[in-house]
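Please model the entire structure based on the sequences and the hints provided.
2 protein chains.
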Amino acid sequence: MENFTYCTPTRYVFGRGAENQAGEQAKATGMKRVLVVFGHSSARKSGVLDRVEKSLEEAGIYFMELGGIDPNPTDPKVREGIEMCRANSLDALIAVGGGSAIDTAKAIAAGVPYSGDFWDFWAGKSTIREALPVGVVLTIPAAGSEGSGNSVITLLDGNRKISLRTDYALRPKWALLNPELTYTLPPYQTASGIADMMAHIMERYFSNSKEVEVTDRVSEGILKAIIGEAPKVMKTPDDYDARANIMWAGTLAHNGICGTGRTEDWSSHAIEHEISALYGVTHGAGLAVVFPAWMTFMSRRHPEKIAQFGRRVFGVISHDDKTAAMEGVMALKAFFGSLGLPVSFKELGIPNPDIENLVRNLHRNKGERLGNYLALGPEDTAEIYRLAL
Amino acid sequence: MENFTYCTPTRYVFGRGAENQAGEQAKATGMKRVLVVFGHSSARKSGVLDRVEKSLEEAGIYFMELGGIDPNPTDPKVREGIEMCRANSLDALIAVGGGSAIDTAKAIAAGVPYSGDFWDFWAGKSTIREALPVGVVLTIPAAGSEGSGNSVITLLDGNRKISLRTDYALRPKWALLNPELTYTLPPYQTASGIADMMAHIMERYFSNSKEVEVTDRVSEGILKAIIGEAPKVMKTPDDYDARANIMWAGTLAHNGICGTGRTEDWSSHAIEHEISALYGVTHGAGLAVVFPAWMTFMSRRHPEKIAQFGRRVFGVISHDDKTAAMEGVMALKAFFGSLGLPVSFKELGIPNPDIENLVRNLHRNKGERLGNYLALGPEDTAEIYRLAL
Chain W
51 MENFTYCTPT RYVFGRGAEN QAGEQAKATG MKRVLVVFGH SSARKSGVLD RVEKSLEEAG
111 IYFMELGGID PNPTDPKVRE GIEMCRANSL DALIAVGGGS AIDTAKAIAA GVPYSGDFWD
171 FWAGKSTIRE ALPVGVVLTI PAAGSEGSGN SVITLLDGNR KISLRTDYAL RPKWALLNPE
231 LTYTLPPYQT ASGIADMMAH IMERYFSNSK EVEVTDRVSE GILKAIIGEA PKVMKTPDDY
291 DARANIMWAG TLAHNGICGT GRTEDWSSHA IEHEISALYG VTHGAGLAVV FPAWMTFMSR
351 RHPEKIAQFG RRVFGVISHD DKTAAMEGVM ALKAFFGSLG LPVSFKELGI PNPDIENLVR
411 NLHRNKGERL GNYLALGPED TAEIYRLAL
Chain X
51 MENFTYCTPT RYVFGRGAEN QAGEQAKATG MKRVLVVFGH SSARKSGVLD RVEKSLEEAG
111 IYFMELGGID PNPTDPKVRE GIEMCRANSL DALIAVGGGS AIDTAKAIAA GVPYSGDFWD
171 FWAGKSTIRE ALPVGVVLTI PAAGSEGSGN SVITLLDGNR KISLRTDYAL RPKWALLNPE
231 LTYTLPPYQT ASGIADMMAH IMERYFSNSK EVEVTDRVSE GILKAIIGEA PKVMKTPDDY
291 DARANIMWAG TLAHNGICGT GRTEDWSSHA IEHEISALYG VTHGAGLAVV FPAWMTFMSR
351 RHPEKIAQFG RRVFGVISHD DKTAAMEGVM ALKAFFGSLG LPVSFKELGI PNPDIENLVR
411 NLHRNKGERL GNYLALGPED TAEIYRLAL
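Residue numbers (my numbering), protein chains in the order written: chain W, 51 to 439; chain X, 51 to 439.
Heads up, some of the hints might be wrong.
No distinction is drawn between identical chains; accordingly, a pair holds when it is met within one copy or between any pair of copies.
Only pairs whose alpha carbons sit at most 20 Å apart, straight line, appear in this in silico DMTMM-like list of lysine to aspartate or glutamate [said to hold, decoys possible]:
1. Lys-372 to Asp-430
2. Lys-383 to Glu-433
3. Lys-77 to Asp-217
4. Lys-260 to Glu-230
Since the hints were derived computationally from the structure, they do not count as laboratory data.
Now the structure itself:
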């Protein structure tokens, strides 16, 4: 087991009606003038935005709105939010939505007290010293941003999608998680969220760090819970308990508990990011295509941990590591398929992806080699893209 | 799944040499004048106390010492610590040790700023509004107090052992966890610690709350990791990775993650506390005796969750719940036995316990009925004590 530091100060309030605690939680964390950040009409239509704002009003908290955050959020909305906060002396952010709204709120929170351009942090030119406090009302369990210190923003100029990781600076002060708010998610979005949260665990799980049995078992346990609950939410979208388990799994998948004591990989995310950037696919669906291809590649060259995944998560019994690994990959593909997710470029609607371009962009953005489980050069990533055809 | 609030702000610094960060962490959390609380000569002999104090000196932090904390810590040392802090304007506590040192430090932290008697909080007469910050250097993985908001103190007058539970007030600001510090624990203490941490998970796991699959799987995963690593630390006391897994498991067992979304039980702890109080046995060893007896009782009356434990944790395959539950209990007893732990009063060296007295004390302290998985009256608890003979 490797040395680590782990601290998750976010206060999770979980259950029916949790969004009605926004005012109380905002007050308890010293928020006075808030920018409420959200996506599109669904937050208004569903009533969640109104309930959050009513709760803020009752707590005597002033707020303004910044709506219209798109999936794969970009820098212009961040800049707009920073200007709004500065012009109106807003001192906190509350995101109502999923990863896009949360990541945008985090970026605004980092940008407001900074004298330079907020992108400096994402470009690695500067480190966040202070940020406005962020609260979250989660409506899409997928990105895990409600419990993480990370924020993924795309710079429109040059189409650079970068994930900034901080230990503490950008962790939300609180996150309100009401599973009922996820009943109305379209099936494809529910399934993509499930693939995304599983990928967050697997990026940490596929590690060469030895003897991380507690972290391995916790990771396998959450994966098994997701695999058991996922068919229920697909079949019965208003199954409260199944939705609750999926929602809580999504938070634990990415708050760091599955990474304690080991070096993480994250090459599948990088490989997928280029597909999202070039073809605009849903991140989770892209991961359902990329991860099995990455695992297939690894099953041939470095099967150990893939085999353990097959055995412990899907109950594969083959003794030989390569076989067990491949059987695990097949089981995972069958599982994704059962949720209606694509597991190949073809099923993703991209029968002839421009692999040369994807590989070029990938290594331009991430360097000559990427990943830790097995470092991948351009020939390797090209093969993984081909395995995903 | 039931509604819950979950917040674990403690910063865990895990790995070799972690104790040398005491000064840095103390400084980062605003500590200036510290009371260092510890047990007996082993902390001095092993060198850990010296390293912690050197680290504090280097960070320019003033400190005084309060040693001599016994297992099952009592109120006189708490009062002594409160007086020391007040007389010397100390503003923080650092515990070096296991549950006894940490729980004493927490009680002092609560008592210093309070105008009444600190026992008011344990007696339920008052609620903690403020407490001095507490840091921890862990040397015994067992009680899990380094990650919890709880503190168990015994009032000498009347021999009342009470566990105070707070959500946040008493959670340590930071905990330094170096597995190397546990190499020299005597085998019986190592084994008792393992039983204690397993019991912390099981008290939460044996619940009637339905559909808590994520929490169940996480709990089962940590239990399985403990069961796999325990024989290694017994056989090779300086196996770093095995010690590391046991240490991290002990923290996760009690920081609340295994209780999210469900009602917990805790009757086995209450049943054991009376044995500790009357016969002065080691808490973890007492739990190794009580828990299988409690589970045997439940296997006959309410086997469901005991059967799930047997199947998922020990791989029992019997289809019938009562049989699977009893097989799970037998596997657990065999496991405890393999660590050299007692699993009966007889093996605990108490062939003829005063069950009448134990039951009387138990219900006088805990009320007519206790536990949530199945509420137990005096006839039930008497039967459980008898099952432990």
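Intra- versus inter-subunit Cα pairing at 20 Å for Lys-372 with Asp-430: within (18 Å within a copy, 53 Å between copies)
Alpha-carbon proximity context of Lys-260 and Glu-230, limit 20 Å: between (40 Å within a copy, 17 Å between copies)
Copy assignment of Lys-383 with Glu-433, given that the CA separation must stay at most 20 Å: Answer is within: at 18 Å inside a copy they meet the 20 Å cutoff, but 51 Å across does not.
Status of Asp-217 relative to Lys-77 across identical chains (alpha carbons, at most 20 Å): between (24 Å within a copy, 19 Å between copies)
In this structure, none of the earlier numbered hints is contradicted; all agree with it.
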